[in-house]
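S.K.: Assemble the complex: chain H is given as a structure, and chain G must be docked to it using the hints.
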Amino acid sequence: MPAENIKTGSPEITAAAPVLRLTNQKVLWVEDDPFLSTILAAKLAHEGCVYFHAKNGEEALYIAEHDVPDIILLDLLLPGMTGFDILKAIRANARIAQIPVIVLSNLGQKEDVEKSKELGAVKHLVKAEHDLDDIISEVAKVLKDKAPTTTA
Amino acid sequence: MSAVDLPDTEVSSFTVDQMKANFVSVAAHQLRTSLAATKWTLNMLLNGDLGSLNDEQRAFLSKAYESNARMIALLADILLSDQIDAGKLKSSGIAVNLPDLIDSVLVEIRLLGNMHHISIDFVQSGAAIPPVHIDPQQMRAVLQNLLENAVKYSNPHDMVQVSIEHRPDYVAIVVKDQGIGIPSEQQKDIFNRFFRASNAIQVEAEGFGLGLCIVKNIVEQNRGTISFTSTENEGSTFRVELPTSSVV
Chain H
1 MPAENIKTGS
11 PEITAAAPVL
21 RLTNQKVLWV
31 EDDPFLSTIL
41 AAKLAHEGCV
51 YFHAKNGEEA
61 LYIAEHDVPD
71 IILLDLLLPG
81 MTGFDILKAI
91 RANARIAQIP
101 VIVLSNLGQK
111 EDVEKSKELG
121 AVKHLVKAEH
131 DLDDIISEVA
141 KVLKDKAPTT
151 TA
Chain G
1001 MSAVDLPDTE
1011 VSSFTVDQMK
1021 ANFVSVAAHQ
1031 LRTSLAATKW
1041 TLNMLLNGDL
1051 GSLNDEQRAF
1061 LSKAYESNAR
1071 MIALLADILL
1081 SDQIDAGKLK
1091 SSGIAVNLPD
1101 LIDSVLVEIR
1111 LLGNMHHISI
1121 DFVQSGAAIP
1131 PVHIDPQQMR
1141 AVLQNLLENA
1151 VKYSNPHDMV
1161 QVSIEHRPDY
1171 VAIVVKDQGI
1181 GIPSEQQKDI
1191 FNRFFRASNA
1201 IQVEAEGFGL
1211 GLCIVKNIVE
1221 QNRGTISFTS
1231 TENEGSTFRV
1241 ELPTSSVV
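Sequence lines, in order, name chains H and G.
Heads up: the first sequence runs through residues 1 to 152, numbered per my numbering.
Heads up: the second sequence runs through residues 1001 to 1248, numbered per my numbering.
Think of the hints as simulated: they come from the structure by calculation, not from any bench.
Note that the Cβ used here is the ideal one computed from N, Cα and C, for glycine as well.
Don't take every hint at face value.
Derived BS3-like pairs (lysine-lysine); straight-line CA-CA distance at most 30 Å [said to hold, decoys possible]:
{"id": "1", "chain 1": "H", "residue 1": "Lys123", "chain 2": "G", "residue 2": "Lys1216"}
{"id": "2", "chain 1": "H", "residue 1": "Lys110", "chain 2": "H", "residue 2": "Lys144"}
{"id": "3", "chain 1": "G", "residue 1": "Lys1088", "chain 2": "H", "residue 2": "Lys117"}
Going by beta-carbon spacing under 8 Å, a handful of chain G positions derived as facing chain H [said to hold, decoys possible]:
{"id": "4", "residue": "Ala1036"}
{"id": "5", "residue": "Lys1039"}
{"id": "6", "residue": "Trp1040"}
{"id": "7", "residue": "Lys1176"}
Rough simulated footprint, nothing fancy, chain H against chain G, three-plus residues with beta-carbon under 8 Å [claimed, not checked]:
{"id": "8", "stretch": "1044-1051"}
{"id": "9", "stretch": "1070-1083"}
Bound conformation, chain H alone:
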């Protein structure tokens, strides 16, 4: 896996006066749609996150293992491994099994939501039904709940 293919951060769109609610939190977002990735990158940059982006399962697992993000936002329909496969692989790897995962997909059927929960996702959000602000506040909430158990 060539590391240079992996986009980290989004300095070109960093805001002048960001609201630093998620400052320095490492967020990995797994999404194959380029436009959605760009929008979320801009938003996370505004929030002061250290942002990692993966387009598929291999990249996602590589980054998860090497950079150990604080939280992972995971799409489900991806080329190659599905989000569910990625979730299983994360849970099976002791080094990264504890990283909270929010499934962020447009699959929102009951069985999809239940499967996400079964595989250990903390939340399943349907993209089209949540504003970026909602997503950021869900991320902040999950990180806050997680905070007492982390060493950072």
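M.R.: Okay, now just chain G, sitting in the frame of chain H:
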């Protein structure tokens, strides 16, 4: 089956219905991706994340945002409708505190109410309401639908009232409006899919007539009943009764 299983499943084993169900699910996924991109972009623009806006720009973008939100809601209705059609609507009942659920739905509905100059009153009797065994997400959709209808089909400065009644065997949620009502000769059709009352079409051109059909199916799936009374130009009252026993 989960829609994610589609690409690597043997196509030959699909029945036509399964293929149709997956088609709708996959098509909805693609449409939602595009709708989400628009929603998020407009959200950032309206937040001023990409620079400040003048009032006219903001007004136009708000209209675009609303239009996008309507399309997203319609798509959700189509998906639910499709599940009902395929007999795939399942409820996962848990003990739910109805006043809390109503409160959380009202957060969004009050915003809609403000836009239409409709005030929404939640009347609580004060007596404790026992939890009901229902699927909270599905019942949220029911409440959203009934309350949105009540707001949309009211006249400016009307009042919408939500109340909860506790009876020995059931809890009733009552949504009452002072709006346009349903013409008496059309009342028998309102739970039919794609039906829209003639006066409703005049007030709100958009809409596919899916909402109340979905509402009825969900309520019945959750072992409840729905009924209504309505008088044209005076208003409608919808009543959802949900059993308090947890026996499924």
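S.K.: Each hint needs a verdict: does it hold in this structure or not?
M.R.: Going through the hints against the structure:
no.	hint	result
1	H:Lys123 x G:Lys1216	28 Å, holds
2	H:Lys110 x H:Lys144	27 Å, holds
3	G:Lys1088 x H:Lys117	20 Å, holds
4	Ala1036	4 Å, holds
5	Lys1039	6 Å, holds
6	Trp1040	5 Å, holds
7	Lys1176	28 Å, violated
8	1044-1051	holds (count 4)
9	1070-1083	holds (count 5)
Checked against the numbered hints above, the structure breaks only hint 7 and satisfies the rest.
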